[in-house]
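Chemist: Letter by letter, the chains look like this.
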Amino acid sequence: MSDRPGSGADALWAAGSPGLGAPEGTEWETVIGLEVHAELLTRTKLFSSSPNAFGGEPNTHIDPVCLGLPGTLPVLNRHAVELAVRVGLALGAEVRPSIFARKNYFYPDMPKDYQISQYDRPINVGGRLELPSGKVVRIERAHLEEDTGKTTHMGGAGRIDGAAYSLVDYNRAGVPLLEIVSRPDMRSAAEAREFVAELRATLVAVGASDGKMEEGSLRVDANVSVRPAGVSRLGTRCEIKNVNSLRSLGRALEHEARRQIELLTSGEAVAQQTRHWDEDEGRTTALRSKEEATDYRYFPEPDLVPLAPEGAWVEQIRAELPLLPRQRRRRLADATDEAPARVSLIVERGQDDLALEAVEAGAPAAAVLKHLEQNLAGGTGALTAAGLAELLAMEESAELTSNQVKDVLADMARTGQAPAAVARRLGFEAVGAGELAVLVDRMIAEHPEEWRRLCSGEGRERKKMQGFFTGQVMRATKGQADGRRVAALLAERAGS
Amino acid sequence: MAERISRDEVAHVARLARLRLSEEELERFTLQLGDVLNHAADVAALDLEGVAATSHPYAVGNVLREDVPGGGLDRSEVLAQAPETEAGQFRVPPVRGEAP
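Chains as they are written, first to last, in this note's numbering: chain A, 1 to 496; chain B, 1 to 100.
Some clues are possibly wrong.
[As the list claims (entries may be wrong)] Distance condition first, Cα-Cα at most 20 Å in a straight line; then the derived EDC-like pairs of lysine to aspartate or glutamate:
no., chain 1, residue 1, chain 2, residue 2
1, A, LYS150, B, GLU84
2, A, LYS112, B, GLU84
3, A, LYS150, B, GLU27
4, A, LYS135, A, ASP113
5, A, LYS241, A, GLU214
Keep in mind that the hints were calculated from the coordinates and are not lab data.
The whole structure should be built from the sequences, with the hints applied where relevant.
Modeler: Here it is in structure tokens:
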């Protein structure tokens, strides 16, 4: 199917039309766009000075403005603007003059009956996020808005339908949010997860968010549609809400794409709707569909004046931006002569500064990456770059065996001591070169038959006998001899 | 002159704002809103090439406040003024329809 020219396939494919353009064996492509809401790490709310803090007794972080009391006026939080600009710059967006707008709706999570957001003139426009895999996802916009309060539906099993009444906590009402909207550039659940992980790491790096999806400080809504491969027009999309982790995002997207493909394959249409992800059931369900198209009657917020961050301020924020995950990958990749994707795990774990310093201290890059990836998944703890470099030098000069290096490394991460001291304490005294030669000679003398077989043997036989002698030496040294040096001595003695 | 806004459109806007209008009110507001829109059309007819759009009547911008906590309200005082409360929260009638 994928070799069909786009225009021809488009003609056959009427988005959402029952059964059209979906013959058996159709290859499907999933198209995903994401909206990520990030609570900004300010001390106070977006338009008022009660605390922005997670948890706490209900309705203890409240003030006249976030309760929408008559006569109150919102005043914009400078730090929230700075964080929004940081994120905008990190995403390569254009920071523009912007205004706020009222989004009107009737729901008790906002006591004003409107949410202050940005609509047609958002603060950040455009941008892009480069993922570890090299994929680039375009950013549509990243705008400021206030978070809503939290409603709890009582009775009716906690679901909104059939609830007897609801309780409202306004601690979260007015907390600053940045809504980051991607273009529909992702083509699989895995790519969507990668995008959210990279965006989260970027938000955390610039100090805008704590990135905690499980506490709701980072929330993801996904727009999903499917279309036959090769078609350029988008299918009818559904919006998935209530995904609270990267894992549930992946599961929800895979489920939803499959559901849509099954509908289209069986000749039914996909209805544009908002769907709720049920983590326990492992499926999405339609929310009660609205009788008419949602109309929020947006209009410019008369209580707030326009926002246009001064050029000098924006440039100062740009100059103070920390290294972004993408830049950290590039930096470590350059230093180790690897591809950026190859070092992404180490950057993700925040071990790249250590890796870089160890390489600069002369440690072999490949060994640094290998040990960090394989032996320090639990964190580097008290390990220093100098200590790591020293240890790797000991490994290279065969003072320690690779198993011993692992043990020493784990100990160094715990204690922060120098490798030589740790090796001594663990009893990993390297067997001296002279001592080892004497030992090898003794083993040859004690096992003349095996030695003859080694010297005259070919291939497997020779290998087997080499293993025998190495084993003897290891036993005599309680495993502390270096296997490579034993092999070298045996080869030398055998005259080959 | 063609109507700027129809009676049905006024009824639609009233429904969005959760307003219940009588037949007589619908009639009256259709005429009044039509006048308002006529005035806007007069402004729109002017040649405003090169004039920036106004989003706010005052020529001020960038009114910002420092991110310093303060000015909170006491929960018991606030909840004492609510029609119904439960467990430190506002108690409200069952909600129809999901949050936007």
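Chemist: Can you confirm whether the C-alpha distance between LYS135 of chain A and ASP113 of chain A stays at or below 20 Å?
Modeler: violated, 41 Å
Chemist: LYS112 of chain A and GLU84 of chain B were given as a pair; does the straight-line alpha-carbon distance stay at or below 20 Å?
Modeler: Cα-Cα ~18 Å, so holds.
Chemist: Decide if the proposed pair is consistent with the structure: LYS150 of chain A and GLU84 of chain B, CA atoms, cutoff 20 Å inclusive.
Modeler: Distance ~17 Å between LYS150 of chain A and GLU84 of chain B Cα, so the pair holds.
Chemist: Can the restraint linking LYS150 of chain A and GLU27 of chain B be considered satisfied, given a maximum Cα separation of 20 Å?
Modeler: violated, 40 Å
Chemist: Does GLU214 of chain A sit within 20 Å of LYS241 of chain A, going by the straight-line distance between their CA atoms?
Modeler: holds, 14 Å
The structure fails to meet hints 3 and 4 from the earlier list, while all remaining hints are met.
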